[in-house]
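Just so we're aligned, residue 58 is where the sequence shown starts under the numbering used here, counting upward by one.
Since the hints were made in silico from the structure, they are not lab data.
Among the clues, some could well be false.
Unchecked claim - Calculated pairs, BS3-like style, for lysine-lysine (alpha carbon to alpha carbon, straight line, at most 30 Å):
| # | residue 1 | residue 2 |
| --- | --- | --- |
| 1 | 110 | 162 |
| 2 | 203 | 268 |
| 3 | 203 | 110 |
| 4 | 203 | 162 |
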Amino acid sequence: MSQDQANIPVPPTGLQTDDDPPPEPNVLDAPNIWAWYHAIGRLLETGTFREPKDLPAQVTPWMMISSEYPLRNFERLLELGVTHVLTTNAMVPELLEPAQQRYAKCGFITHGYVAGRDREGYDMLGQHWGDCLEFLSAVRGADNQKVVVHCSAGQNRSGLIVAAALIALERMTLIEAVENLKRVRGVVLINRSFRQQLCEFAAKEGLLGDKPEGFSDEPPEPIRSFEFLYPTLEQVSNEEDNQGDSREDSQR
Numbered sequence: 058m059s060q061d062q063a064n065i066p067v068p069p070t071g072l073q074t075d076d077d078p079p080p081e082p083n084v085l086d087a088p089n090i091w092a093w094y095h096a097i098g099r100l101l102e103t104g105t106f107r108e109p110k111d112l113p114a115q116v117t118p119w120m121m122i123s124s125e126y127p128l129r130n131f132e133r134l135l136e137l138g139v140t141h142v143l144t145t146n147a148m149v150p151e152l153l154e155p156a157q158q159r160y161a162k163c164g165f166i167t168h169g170y171v172a173g174r175d176r177e178g179y180d181m182l183g184q185h186w187g188d189c190l191e192f193l194s195a196v197r198g199a200d201n202q203k204v205v206v207h208c209s210a211g212q213n214r215s216g217l218i219v220a221a222a223l224i225a226l227e228r229m230t231l232i233e234a235v236e237n238l239k240r241v242r243g244v245v246l247i248n249r250s251f252r253q254q255l256c257e258f259a260a261k262e263g264l265l266g267d268k269p270e271g272f273s274d275e276p277p278e279p280i281r282s283f284e285f286l287y288p289t290l291e292q293v294s295n296e297e298d299n300q301g302d303s304r305e306d307s308q309r
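Given these sequences and hints, build the entire structure.
As structure tokens, then:
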């Protein structure tokens with residue numbers, strides 16, 4: 058065998074090469090989730106909305122959900138027995154670093170962070186579920202541990218992660234998870250693409266549950282992206298820089 062032949066990489070067994078035909082789609086891997094999607098939409102958008110009197114709100118014995126501001130009250134977190142905090146909203150370094158320092162200084166909080174975005178079409182579970190699952194599983198598997206999952210408002214990013222945890226770790230069906238989440242949090246999962254992700258996630262976990270009756274199997278009308286409502290980290294940083302330049306100019 059020549060040296061050139063020895064250096065030719067061989068594709069690992071089982072991986073598709075350029076010469077292989079594309080695999081046939083497996084319909085079992087992509088079930089029609091739209092009846093469940095419409096069902097949880099009705100559940101989330103109608104009926105009674107009971108906003109919790111205080112946040113964080115208890116979801117399971119080991120997991121709570123909250124918006125961002127209440128987590129500055131470390132005395133309250135200590136009273137609740139909170140040992141871990143999982144931040145699911147992207148933060149600029151000027152805000153993230155002080156928050157991490159506060160958690161480290163308090164002495165009893167282990168802090169986790171994923172830079173999730175709240176906009177239609179953002180793949181929250183695809184981007185961040187692996188890290189969140191590792192963090193949450195460690196809490197659930199230990200004695201006397203409790204985690205607060207939060208984002209800015211405690212509704213979309215944290216709502217999706219908490220609902221996914223109820224499905225994956227508590228083995229609730231999709232409808233059960235959403236019912237439990239709405240019961241303790243009130244207005245939650247406003248982001249409709251997050252609802253779709255949750256349905257697809259439940260299908261992969263085998264926990265869609267019985268098909269709800271009376272709901273269409275057709276997908277909804279395309280949702281207009283509201284990305285313009287949520288500035289990117291770069292936009293926030295640029296805006297702060299521009300404000301700083303304006304202040305310097307006014308002082309000259």
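**Request:** Against the structure, test the hints numbered earlier, and report the numbers of the ones violated in rising order.
**Result:** 2
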